[in-house]
Amino acid sequence: MRELMSGNEAIARGAYEAGVTVATGYPGTPSTEILENVARYKSDIYSEWSPNEKVAFEVAAGASCAGARSIVTMKHVGLNVAADPLMTLSYIGVEGGFVVCVADDPGMHSSQNEQDTRQYARFAKVPIFEPADSQEAKDFLMLAMDVSEKYQTPAILRSTTRVSHSRSLVDLGERTVLEREIGIEKNPPRFVPIPVWGRVMKQKVADRLGFLAEEAENSEANRIERREKSLGIVTASMAYQYVREVWPEASVLKLGFSYPFPDGLIREFADGVDRLLVVEELDDFIEEHVRSLGIECQGRKFVPGVGELSVTRLRGSRAMMEGREPKTLDQRFAEGLPARPPVLCPGCPHRGVFYTLGKHDVVVSGDIGCYSLGAFKPLDRMDIILCMGGGVSMAHGFDKAGDRRKVVGVVGDSTFFHSGITGLIDIVYNRGSSTIIVLDNRTTAMTGHQDHPGTGRTLGGDATKAISIQDIGRACGIERVATVNPYDLEATERAISEDMNSKEPSLIVSLAPCPLRERRRVGPVRAIDSDLCKGCKRCLKLGCPAIEFDGEVPKINMHLCGGCGLCEEVCPHDAISSEEAE
Amino acid sequence: MSNVKTTSVVFVGVGGQGILLASTIVARAAMLSGHQVKTNEVHGMAQRGGSVIAHVRYGSEVFSPTVPEGTATVLGALEQIEALRYAHYIAPDGLAVVSATSVVPVTVSSVSSGAATYPEDVADRLKRAFPRLVYFDAGKMALELGNIRAANIVLLGALSRGLALPEEAWVGAIASSVKEKQRDLNLRAFEIGRSVR
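Chains A and B are the protein sequences, given in the same order.
So this note's numbering is basically just the index in the first sequence, starting at one, shifted up by 6.
Reminder that position 66 of the second sequence reads as 52 in this note's numbering, one-by-one numbering, no gaps.
Careful: at least some of the hints might be erroneous.
[Claimed, not checked] If you want the footprint, here are the derived chain A segments under chain B, 3+ residues with CB under 8 Å:
id, stretch
1, 173 to 180
2, 234 to 241
3, 329 to 338
4, 556 to 564
If you are wondering where the hints come from, they were derived from the structure by calculation, not from laboratory data.
Beta carbons: idealized from backbone N, C-alpha and C, even for Gly.
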């Protein structure tokens, strides 16, 4: 049977067919839908959203060391969080196959950086596989699983935004049912990397790399496509697809099992062509290695290493190589158009908090999530964002450095569980005075509404204990813990100003569920009475996409209005109401 | 070039307008007609009310899932200035199907005077940008059917006339892509769109 599947669905399907029984992860675009799709195979695979990638990695690693085939999913920056267990699991090795499914985001469609996960494969000395479409996403997951098990090594499957979120046809197969006894064997020298045993392990890792290179040499995932001899291109992942359109006549070495490098194959390919070009997205990972083999090649000279590649960009590279002027795109019709960046949705509860913070002269240290959008005008109420959990800990840093203003850290609910808690402990332990606001919308919103430890529901949809953010705050030693309704601007203002005037550290939980997840309006649709409106534009300071202003008086787009009523609260002329909309 | 045989479709609009469903239906209709198919869409941050584009390509062999600029056989827009923003995607002889819908971006509403404005001469610009243009209010037609959210399917109906896929493939694709309850409404929306000239 064939199905149209996204790369992420296909990875999940591969896990199912490969006989995986444990799958874990933390949501992160563009990787999220892998685990969501694994969860559909609930009767065969145990799956969970873990609080963060490190925990997810360790849970799956445990399962694997007990003999189960397992996967863990995350976005590229998630692997930084899980890098600690990755580095040492490489030493310990695995029993059941273990594949780390990581999705990179070239072009930073939904990420704070553009790091290249292939570097982690070399860093941790583990094999990496790079699919170029959905069929390969499924096939390579299964191949990675086999290689992982055969060589007792964790393996990485590296996707990218375009692989994960493109759909193409996939042939479906049956699930391999593995009859194996689960249970970790009693063998400390095998599983305990204290120095005396760790040194032995390190040697094994080095030897293993050699065996893996031999495997890569003969793997069907690496193939030479012989066409014309004048130009040979080494490529991998989605770049392969672009290469086939831009250089249809060129010979291609397509790497799918791309680390450790199949040196013999690279030499064979290079020997058979007149000129060698490397086309890869992000770092010059392959190019650097090809040069280290003493083979002359070109790559970064023509192919950009910043941003994602595309057919159009590579046509530019080709023109440059051939000494032609690249064709410029005719974008004159787009000139002068107003930009349309992503914004906080109409009805978003975070808006009330940012609007209120806008009235205070404070430093706002932000975090990763929908609320990152609070950095845009007109809300413009986020001064810095670093990484997951950074909103909490960096606030403490500003405070301790002696920032002249009061410091507020803003973090989401899922992010708080991910890595905000340790920062909060630090604030209390080291006598900080920051105010931390948890924007608790009862879901992991930005990545498409996943459950987390605070929602009372598991990935499989089962009811579970909902862990209280307020209780955690108190357990960490915070004495000022408040809960506010962010749609009530007065109450929000009261809570924030009280904490601003306090020397103690404090925690404010802004509690209101994401209306996008609830799939309903917060309240009735509002409208502006143009007779009462004085055109003061106060409502426009909310940055609500439903309030349109194009000249005279603002209007509310009734199809977009989320019914939150914030505009009614801020209007000083009582011109906004729900009656008017009826 | 190898992409001559590839048919490319782009849908553009504002996050939340139902572009994903429209592109899924094109992909399924192409699949039911025996083509190789690839699509690409936007998830995550880029979705939040921002400008969005979805790609569908089909033919005997498809490589890139994203449509190279200047090659789209048809361009469907659920918001009129988004059609202009992505106008450079269309092939010289491509068909543009644009709904006369405006969603004013926050950058226009909230930024003080002198900054960006929503253009007043959209209709005129569209005519200049697209030699083959179908320009109508898909939202109004959907509202007349009883649900403004069906605007994407009305637009799809109009756009389907620019693609050589059989009617039964469209019907099958719609039926398998929407909920049972919504099926009749969506099939009617498609029919109405398909009759737009």
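Subject >> Hint check against the structure, violated hint numbers in rising order >> reply: Going through the list in order, the structure violates hint 2 alone and respects the others.
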